[in-house]
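Just so you know, the sequences run in chain order A and B.
In terms of numbering that gives the first Met the number 0, the first sequence has 214 at position 215, counting the first letter as 1, and numbering is strictly consecutive.
In terms of numbering that gives the first Met the number 0, the second sequence has 179 at position 180, counting the first letter as 1, and numbering is strictly consecutive.
Think of the hints as simulated: they come from the structure by calculation, not from any bench.
Check each hint, because a few of them may be wrong.
Unchecked claim - A few chain B residues facing chain A, derived, Cβ under 8 Å:
(1) M61
(2) T70
(3) T189
(4) S192
(5) R206
(6) I239
(7) E245
(8) A289
Glycine included, C-beta positions come from ideal geometry on N, C-alpha and C.
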Amino acid sequence: MTEVTATGPAQVPEGQAVVEFSPRLLQSPEHELCPGCGHPVAWRVVLEVLEELGLANRSLLICGHGCYTQMMKLSDIDSLQCLHGRAPAVATGVKRMLPDTAVLTLQGDGDMVSEGLHEVLHAGARGERVTALLFNNGVFGDTGGHLTATTVLGQRTKTSLEGRDPATHGHPIDVARLLAQLDGTCYVARGAVNTPGTVARTKRMVRRALELQMEGAGFTFVEVLTMCPTGWFVPTPEGPDYLEETMSATFGLGELKAPGGP
Amino acid sequence: MTRRLMEGAEAIARAMVAAGCRFFAGYPMTPFTEVLEHMARLLPEVGGTCMNAESELEAVGMAWGAAATGTRAATGSVGQGLSLMQESLSEICHARLPLVVLNMARGQGDYHQATRGGGHGDYRHVVLAPADVPEAVQLAHRAFWLADVWRNPVLLVGDYYLAHVQEAVDEGVADLPPVPDKPWALDGSTGGSGSARMISPLGLAKRGDPSFVEYGRHLETIGDRLAAMEAGVEPLAESIGTDDAELVVVAYGTPGRYLRYVVEELRGEGLPVGLVRPITLWPFPSAAVAAAAEVARAVAVYELNTGQMHDDVRLAVLGRRPVSFIGGLSFDNSGFGIAPELDVERLSARIRRALDETARTAAPA
Chain A
0 MTEVTATGPA QVPEGQAVVE FSPRLLQSPE HELCPGCGHP VAWRVVLEVL EELGLANRSL
60 LICGHGCYTQ MMKLSDIDSL QCLHGRAPAV ATGVKRMLPD TAVLTLQGDG DMVSEGLHEV
120 LHAGARGERV TALLFNNGVF GDTGGHLTAT TVLGQRTKTS LEGRDPATHG HPIDVARLLA
180 QLDGTCYVAR GAVNTPGTVA RTKRMVRRAL ELQMEGAGFT FVEVLTMCPT GWFVPTPEGP
240 DYLEETMSAT FGLGELKAPG GP
Chain B
0 MTRRLMEGAE AIARAMVAAG CRFFAGYPMT PFTEVLEHMA RLLPEVGGTC MNAESELEAV
60 GMAWGAAATG TRAATGSVGQ GLSLMQESLS EICHARLPLV VLNMARGQGD YHQATRGGGH
120 GDYRHVVLAP ADVPEAVQLA HRAFWLADVW RNPVLLVGDY YLAHVQEAVD EGVADLPPVP
180 DKPWALDGST GGSGSARMIS PLGLAKRGDP SFVEYGRHLE TIGDRLAAME AGVEPLAESI
240 GTDDAELVVV AYGTPGRYLR YVVEELRGEG LPVGLVRPIT LWPFPSAAVA AAAEVARAVA
300 VYELNTGQMH DDVRLAVLGR RPVSFIGGLS FDNSGFGIAP ELDVERLSAR IRRALDETAR
360 TAAPA
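Just chain A, same shape as in the assembly (with noise of 0.2 Å):
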């Protein structure tokens, strides 16, 4: 197995070539996000499902605003750029004028539940019928690692120094859990990149709900938790495994909601 050090990238061993695995929808890698990063390989999985349910070509993405929206600009997808926790009422005027088209949004923990915690729950209540992706760092890592509404108990960001305490931040928020109770959602799972195995899973819900999406079922809604580790403060190597040790451990990963029972 090649060692990954926290100071560069893996190194190939003489007379192997890297496979190429960028999806075909993704038009340039020169991504600007930092070593590390999980948006990008969960932002792979939605590329990938899109190519291969033959939907790049009459899907539109709705995108807020962070580290992740850069991923926009590289995407061979029909995009429209809206502000931070926006994205649901944005989307919502898109799918109700494009109703064949298989609509997205992609936000962060900030951008969703922070800002926006209103517009992504009545969206769901509404069941518009698109797919809402959440890619939850558990931090502000566009600003630099600060507290959002699913920074987990414990967890240092750069306005919570001693870790998140509920006597002064208060509790994260499951916005997954608070999803799955509304009638109007169809669809509701979390995953993550942390591991290979949780990435394929994660695959295999955006896939799920975007299947949905485009049988009218009503509101779908995948959630990814992703490294930030250098909005985490912990050594980039050692990113995935904080992940499984504090946010999976927090939130837990699954289907929530599903036709016929998760």
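Model the placement of chain B on the given structure of chain A, informed by the hints.
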């Protein structure tokens, strides 16, 4: 020509639908609510969608999404609700999307909000201010036309009085030139082609697109476009007696309608007064105001606030004539700013006083 008697709120809603509006979203707030009610009834009849949004933030967001698909879309509120929408309205301007926004205002306290905006960055809305229901119908058509031509939000400013007065209106479709095609409209179809489209307030193209520009350059192009829009949108105003008036009154919207009556009455008595009623508040009809001021000795501004359009009149006159403020807040128990300032006797007395003041202080003509 068919003329029908109808209330302003219904007339505006019907005109928007006739103009091709197929998406409307709003959060109830009187006197905007009345338009929302009519849209909720009218739009499904033509295959459109009306959303009773959960907040003004969501209303403007929904309209943003619909507009990005190339649909003629509208939203609105009163001034308070529009305050909530300002962040989105700035971004919609920067994203170059056409949208019609109603402000069925309470009084005229939102002039600065309408013409300067409360959002961020360099942006402007075209602002139209009808004084009566037939004009509101024509301007509703014009609003969608201007929005499409300039790919920019257009604000239509009314008030409680406009929403509730009943007048005979001609519902014929306004005769406006054709609008450009919308090759930018998103329908999801270009993904996977190597040149998918994007609409963003941060710049309008994917990074690999030949038309991609960096954010700073994008902001500069916004400035260029605002200058072109200010020069290109025809400023509209109604002028009465401005070729011989010694005192020119400037008023817009419902007060403009009252002032039109009062000024004509006073002119009938032989008093040298005139009126300029701006119909576009942005671009402001500065040339019409300046031309009237050139002939007159003084200018007086009447509006139902403590002096907001007063700024634009002074900018138009540029110190060549004194510009006084003779308006004021109108408060009654309704909270909608319809009395007591809108009283013909009171308006008449204010103008007479301003005219006396002009005669006493101004240099001999």
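Status of each hint after checking the structure:
About 4 Å separates the beta-carbon of B/M61 from the nearest beta-carbon of chain A, less than 8 Å, and the hint is met. Taking 8 Å as the C-beta contact cut-off toward chain A, the hint placing B/T70 at the interface holds, the least distance being around 5 Å. Hint status for B/T189: holds, given a least beta-carbon distance of 6 Å to chain A, under 8 Å. With 8 Å as the threshold, the beta carbon of B/S192 comes within range of chain A, its nearest partner Cβ sitting at about 7 Å, so the hint holds.
Annotation: B/R206 was flagged as interfacial toward chain A, and the flag holds, the nearest CB pair being 5 Å apart, inside 8 Å. Of the supplied interface hints, the one on B/I239 is violated, with its beta-carbon coming no nearer than about 43 Å to a beta-carbon of chain A, more than 8 Å. Hint on B/E245 is violated. Least Cβ distance to chain A is approximately 51 Å, over the 8 Å limit. Violation of the interface hint for B/A289 is found here, the shortest Cβ-Cβ separation to chain A being roughly 39 Å, above the 8 Å cut-off.
Checked against the numbered hints given earlier, the structure breaks hints 6, 7 and 8 and satisfies all the rest.
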